[in-house]
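Listed in order, the protein sequences are those of chains V and F.
Per our numbering, the very first residue in the first sequence carries number 1; after that it's consecutive.
Per our numbering, the very first residue in the second sequence carries number 1; after that it's consecutive.
One thing to keep in mind: the hints can contain errors.
Restricting the straight-line Cα-Cα distance to at most 25 Å, the calculated cross-link-like pairs of lysine-lysine (BS3-like) are [as the list claims (entries may be wrong)]:
1) F:K48 / V:K158
2) F:K48 / V:K32
3) V:K42 / V:K329
4) F:K84 / F:K109
5) F:K49 / V:K39
6) V:K580 / F:K84
7) V:K580 / V:K42
Covered stretches of chain V (chain F as the covering partner; in silico rule of three or more C-beta atoms under 8 Å from a C-beta of chain F) [what the hints assert, rightly or not]:
8) 161–168
9) 519–525
These are computed hints drawn from the structure, not numbers from a lab.
Backbone N, C-alpha and C define an ideal beta-carbon position, used for all residues, glycine too.
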Amino acid sequence: MTKKRISFIALLCSATLAFSSESMDDLLRAFKSESELSKITKSESAGFLDIYTREELEKMQVRTLMDVLKLFTIPNITRTSNNISQFTKPTFAVMPSYAIRLYVNDHDMTSTSFGSALMLWSDMPVEYIDHIEVYKSASSVEFGNEPGSVIIKLYTKKPEREEGGKVRLTADQRGSAEADLYYAHTTRDGLSYFFFANADNVKRKTYENLNHKLDADNHAQSFYANIFKEGWRLEGGSYRKVKDTFLGLGRAYTPNDGKIENRHNYIQLEKMYDNGLNIRAGYDHLDSYEKESDNSGIPAGATGYVTDYTIQLHDKIASLIAEKSFTHKNGKLLVGGFYKFKGLEAEGAFDSQSTSFSNALHLYSLYMEESYSFNPTTTFIGSFKGDYYRYEKRIEAKKEHILRAGLIKNYGPVQIKAFYTKTYYAVPFLYLYGPDDTPYRVNPELKFPEPILTSLGIRYKESRHTVDARMSLITVKNKVLSKPDGTLYNNPKGWYHQYELKYSYNFDPRNSLKIDLYMGENASGLTMSPKYGGHIQLFNSFGKIDLYNQIGYRSNCDFYGVNIDPTYDYTASVKYHAAKDLSIGFRGENIFGTGYRQSYVRLPYSMPIFDRKFWLNLEYLF
Amino acid sequence: MKKLILILISALFLSASPAGKERSIYRTILNAIFPDKAVIHVWLDNPKKRAIFEKIRRVKVVKDHKRADILILYNSFDVPADNKIIFADGYLVFEHFKNRLVGGFYWQKGRPNLVFIKKNLKDHNISLPPTLKEYIEDDM
Numbered sequence: 001m002t003k004k005r006i007s008f009i010a011l012l013c014s015a016t017l018a019f020s021s022e023s024m025d026d027l028l029r030a031f032k033s034e035s036e037l038s039k040i041t042k043s044e045s046a047g048f049l050d051i052y053t054r055e056e057l058e059k060m061q062v063r064t065l066m067d068v069l070k071l072f073t074i075p076n077i078t079r080t081s082n083n084i085s086q087f088t089k090p091t092f093a094v095m096p097s098y099a100i101r102l103y104v105n106d107h108d109m110t111s112t113s114f115g116s117a118l119m120l121w122s123d124m125p126v127e128y129i130d131h132i133e134v135y136k137s138a139s140s141v142e143f144g145n146e147p148g149s150v151i152i153k154l155y156t157k158k159p160e161r162e163e164g165g166k167v168r169l170t171a172d173q174r175g176s177a178e179a180d181l182y183y184a185h186t187t188r189d190g191l192s193y194f195f196f197a198n199a200d201n202v203k204r205k206t207y208e209n210l211n212h213k214l215d216a217d218n219h220a221q222s223f224y225a226n227i228f229k230e231g232w233r234l235e236g237g238s239y240r241k242v243k244d245t246f247l248g249l250g251r252a253y254t255p256n257d258g259k260i261e262n263r264h265n266y267i268q269l270e271k272m273y274d275n276g277l278n279i280r281a282g283y284d285h286l287d288s289y290e291k292e293s294d295n296s297g298i299p300a301g302a303t304g305y306v307t308d309y310t311i312q313l314h315d316k317i318a319s320l321i322a323e324k325s326f327t328h329k330n331g332k333l334l335v336g337g338f339y340k341f342k343g344l345e346a347e348g349a350f351d352s353q354s355t356s357f358s359n360a361l362h363l364y365s366l367y368m369e370e371s372y373s374f375n376p377t378t379t380f381i382g383s384f385k386g387d388y389y390r391y392e393k394r395i396e397a398k399k400e401h402i403l404r405a406g407l408i409k410n411y412g413p414v415q416i417k418a419f420y421t422k423t424y425y426a427v428p429f430l431y432l433y434g435p436d437d438t439p440y441r442v443n444p445e446l447k448f449p450e451p452i453l454t455s456l457g458i459r460y461k462e463s464r465h466t467v468d469a470r471m472s473l474i475t476v477k478n479k480v481l482s483k484p485d486g487t488l489y490n491n492p493k494g495w496y497h498q499y500e501l502k503y504s505y506n507f508d509p510r511n512s513l514k515i516d517l518y519m520g521e522n523a524s525g526l527t528m529s530p531k532y533g534g535h536i537q538l539f540n541s542f543g544k545i546d547l548y549n550q551i552g553y554r555s556n557c558d559f560y561g562v563n564i565d566p567t568y569d570y571t572a573s574v575k576y577h578a579a580k581d582l583s584i585g586f587r588g589e590n591i592f593g594t595g596y597r598q599s600y601v602r603l604p605y606s607m608p609i610f611d612r613k614f615w616l617n618l619e620y621l622f
Numbered sequence: 001m002k003k004l005i006l007i008l009i010s011a012l013f014l015s016a017s018p019a020g021k022e023r024s025i026y027r028t029i030l031n032a033i034f035p036d037k038a039v040i041h042v043w044l045d046n047p048k049k050r051a052i053f054e055k056i057r058r059v060k061v062v063k064d065h066k067r068a069d070i071l072i073l074y075n076s077f078d079v080p081a082d083n084k085i086i087f088a089d090g091y092l093v094f095e096h097f098k099n100r101l102v103g104g105f106y107w108q109k110g111r112p113n114l115v116f117i118k119k120n121l122k123d124h125n126i127s128l129p130p131t132l133k134e135y136i137e138d139d140m
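Just chain V, same shape as in the assembly (with noise of 0.2 Å):
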């Protein structure tokens, strides 16, 4: 009788699927959905994930990485008093930036000796990228490069998708004027090619403090291309943005004059074989100019408060790195090495006194990861990379370790991902050598930072609604803080630790909703950043129409004496399809200037991270 059951409901599913009457229009978008780029470059083992899948991307309006930025749970973006993007974890008043690692592909773009180049990379134009994922609770083991916790990965959009280009303008209210165009094609040889160019002028809300006036404009120009053929792969970006100082670092916040010009080159070569084997040369160069004037006194170590105060760094990293991957009958053990150099040549002026030195670093490394599946709904995840840090001047080489063991266990709709990871983050040298003690007070004994994550994550997933709770224990043996004379020391041990609940409806392949709370608490009780947060999301299509609502929050907070009330931000954008290859958009961000807010040491008040804006787009596909 069962046996009977059974096959007629087979039989049922199967003649439903064999002459559903799904219209071709359905079963294009469901294709386009089902190939998504991002189903097959994600990784599960990796860390906690979360994707931003291009079609969502496209309904979001995004022009720039900030824009998805701003959307984390943990860590928060927020930006320093010179203009520059930084990131907090709940309850922070900052949060490392070398514990952030970009890749855009498989190029590593933070890494940097003077700290990282996210403070660059996250405005770059996102208009050439496929889709991005976000791990977290991660190592970067399984990435093969210089250690992190959380892994934003990028990926450009595909050749042999694209077959054609695309231009795309943006204006905003304030005059702002933004402009991107890519290409691709791939021969009848099977030699593909991709290429982007970007350029924008972005106008900033002017405030005033004290009656010096606090400008926030920034242009850019930004360029990006890539060749591949049978298995090799040529790429290379460059990425150059000025930008104004905004309040700048003086002590009393009353800039007379502030500029800071960043350029990134880099180029890298990797060959793909087909047994696993995979080998990429990189070579990046960063140029770093800041520029700043504040007759109320600006640090600069050692030199004490200055007027003027300029200082150039210049970055030449190569690198060599090799891995393979052996698959077996259980699983996927990968084994790799890679060398880097970096050098690091820094000059800088202070009023009268001036600085320059340079310094080099050269980084072995050794790692391997085994997936093991003890059947196919248990597998286990162990990581292993030994560092060697060898620095040409003054500073005493260093050995580090990563140590990461996970789980994850299916049970039908339900996965449990639970991760035990013992890393370390590596300091950049900027603060660890500097032989006139300026601008920073250095610290050549400082240690690494050496955090323990414990992670556990629950994923309820059947039909239309995923659930996702996350939670997190992170303990940290010597963490980087400065005194107030600005001297960099190592805090012995700290805490905190970190919950996120994630849900997500999809309503049918062109409408869903996405839900997200998190909160942490730091062993200090202090509250410098805010301790809740969380984003509502709605993705919706209604004809040649596609609509987008983003609420976000984050509550109240203490910045040194200065109460932060709780914020909200709501953007929104509508596209109008008006042809196959022509739509029109509208976006709004901070809608009702109600959006995420900011203070500084020794600023009375709080300052609005994001502006008011309202963006025209016009996109064009060719």
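On the provided structure of chain V, position chain F as indicated by the hints.
Chain F alone, transformed into the frame defined by chain V:
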């Protein structure tokens, strides 16, 4: 009983996979081009797609293109100049044969495209059902 459950799970899984959706798309296309044929003989130049077509009801994949009712081409630019029906499975083939093929299903501009060419459909006396009329283009 276990086998039946496995078949059921596989059917559900395949229907949600890109290959499953691609199969549904080609099933609709082939049924529209050959509404009355008991068996549709298909010749493919892309062996990776063989599994998709083999599981379509009424379709038989043939090794000899001379026996085929339709040639589905992904990367062949030099096929015999007989009057076989050609359908493109890639953009470059579509561009190359657009004066004689009946249509194409390919990625371009970041999206899957389905196009039938009116003049070439007429040359082969093919009349598509109303559900596919919106994909017919007068001229490319």
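Consistency of the hints with the structure:
no.	hint	verdict
1	F:K48 / V:K158	holds, 19 Å
2	F:K48 / V:K32	holds, 19 Å
3	V:K42 / V:K329	holds, 21 Å
4	F:K84 / F:K109	violated, 29 Å
5	F:K49 / V:K39	holds, 19 Å
6	V:K580 / F:K84	violated, 31 Å
7	V:K580 / V:K42	violated, 30 Å
8	161–168	holds (count 5)
9	519–525	violated (count 0)
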